[in-house]
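K.L.:
Sequence:
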Amino acid sequence: MISKRKTYILLFALLWANFSLAQEKTILNSLDQKAEFYGAISKLIWSNPELGYLETESSELLQKTLKDAGFSVKTGVADIPTAFVAEFGSGAPVVGIMAEFDALPGVSQKAVPFREPVVEGGAGHACGHHLFGTASVAAGIAVKDWMQQNKITGTIRVYGTPAEEGGGGKVYMARAGLMEDVDAMLHWHPGSKNDASASSSLANISTKFRFYGEASHAAAAPDRGKSALDGVEAMNFMVNLLREHVPQETRMHYVITRGGEAPNVVPAFAESYHYVRHPDARVVKEIFAKMVAAAEGAAQGTQTKMEYEVINGVYNLLPNETLSRIMYKNLQMVGGLKYSPEETKFAQDIIKTFPSGVITSPEDAQKIAPFEVNEKGSGGSTDVGDVSWLVPTAGLNVATWVPGTSAHTWQAVAAGGTSIGQKGMMIAAKTLALTASDIFKNPKVTAEAQAELKRRQGEGFKYDALVGDRTAPLDYRK
300 MISKRKTYIL LFALLWANFS LAQEKTILNS LDQKAEFYGA ISKLIWSNPE LGYLETESSE
360 LLQKTLKDAG FSVKTGVADI PTAFVAEFGS GAPVVGIMAE FDALPGVSQK AVPFREPVVE
420 GGAGHACGHH LFGTASVAAG IAVKDWMQQN KITGTIRVYG TPAEEGGGGK VYMARAGLME
480 DVDAMLHWHP GSKNDASASS SLANISTKFR FYGEASHAAA APDRGKSALD GVEAMNFMVN
540 LLREHVPQET RMHYVITRGG EAPNVVPAFA ESYHYVRHPD ARVVKEIFAK MVAAAEGAAQ
600 GTQTKMEYEV INGVYNLLPN ETLSRIMYKN LQMVGGLKYS PEETKFAQDI IKTFPSGVIT
660 SPEDAQKIAP FEVNEKGSGG STDVGDVSWL VPTAGLNVAT WVPGTSAHTW QAVAAGGTSI
720 GQKGMMIAAK TLALTASDIF KNPKVTAEAQ AELKRRQGEG FKYDALVGDR TAPLDYRK
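Residue numbers for the sequence shown follow my numbering, so the first one is 300 and each next one is one higher.
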């Protein structure tokens, strides 16, 4: 026989489950009703791609959307004109959602399944940040409405974080203390699959090495010249030799951004732009020191002068399994992306443009990847990494691109400008909103997430930004 006490407990649990389910449906319905509205916002940002720290119109549009919904907005935070913090509520817990909105140079593309730039050589949203920023704003507003309707205490914030693509906007916002009181931070990213695993990334330092020589006529008086380009090439040669003597997980890549003006003039100035990445920020620092030594040696050997500027430096992502499992549960509930016949045809045409070794199908957009904990980073880098070392952080990827699409490609831009991207964007918004509401409903979550953060940081951890004390490079895309 079941005792009265157990009966009451079971009854309460059933009532609470029904109450929670009703709240979840309210959040999902509110986002469904505004899907067209948010789709239009994302398309506006997609149609006007703005590079890092230059995202004036994109930032203003997202800020206005939040203000109109009842958020208070602080703009120009951390001395970055396009950065902002939008807030609703007061007190703990404080849940943050990050929003990106910068584009990439050189990947302009129409929303068609074949290569056709809008503007040859122009910018494009090849990493889907137009969807990223819009979904995060949508989620923040849905959570705010839910808090009002149910008299939920706490604070919801949306962080407008510019220049993720090499500019490190979040690093400067974190360094400025804008996230010190946040209990849980959420984010997402467009991609070609649905995944909410607790995963890491690569730490990264990116640097411009500048060499200064003396110009001269390259044929009539080459002996009077000192080639800055020789300095760049000598450095790059030594860096390439260094690849044999670094851990195998290391990634180093560069471009020569300035190599001279004319072949018959000994270049007085030359510049190369280097990245060094590794799963551990400490190792990145060590390899970077070797890279600087190579540059110094190159300058000495070519009788030129060298200076360098650290443009960006980001930590590897620190996974938080506590929050990520909640995110994964909600992604499973929301589900993947089902294509219409027109979307399937678009996807099939995009897939035809992939290399022959890429095996995928449109139906893969419906799948949810199994949950994993990946503590060793791979792939790319993100300034979310710095935030994750300071605040318990969880994120997800959503198939806003055709399965098999690589980031930073015209295929990503194309899908991001269609209903495929917008549908995926709303999946992200729903998952973020439900995860935030779960955190508000269960006060134990933030304590557990914070304990996990401390454990993963290690004893004696002290945050030291890899960019040092430099100010944000507001002109790095000019």
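Don't take every hint at face value.
Derived CB-CB ranges, DEER-like [what the hints assert, rightly or not]:
hint : residue 1 : residue 2 : range
1    : Ala391    : Ser705    : 32 to 42 Å
2    : Glu560    : Glu747    : 53 to 63 Å
3    : Gln447    : Arg624    : 24 to 34 Å
4    : Gly767    : His544    : 50 to 60 Å
5    : Glu606    : Ile658    : 45 to 55 Å
6    : Tyr762    : Gln599    : 27 to 37 Å
Hints in this document: simulated from the structure, not taken from any laboratory. Quick caveat, the model's predicted, so the values are computed rather than measured. Just so you know, even glycine gets a beta-carbon here, dropped at the ideal spot from N, CA and C.
K.L.:
Hint by hint, note whether the structure agrees.
P.N.:
Tested hints:
no.: 1; hint: Ala391 with Ser705: 32 to 42 Å; result: holds, 41 Å
no.: 2; hint: Glu560 with Glu747: 53 to 63 Å; result: holds, 59 Å
no.: 3; hint: Gln447 with Arg624: 24 to 34 Å; result: holds, 28 Å
no.: 4; hint: Gly767 with His544: 50 to 60 Å; result: violated, 25 Å
no.: 5; hint: Glu606 with Ile658: 45 to 55 Å; result: holds, 48 Å
no.: 6; hint: Tyr762 with Gln599: 27 to 37 Å; result: holds, 35 Å
Checked against the numbered hints given earlier, this structure breaks only hint 4.
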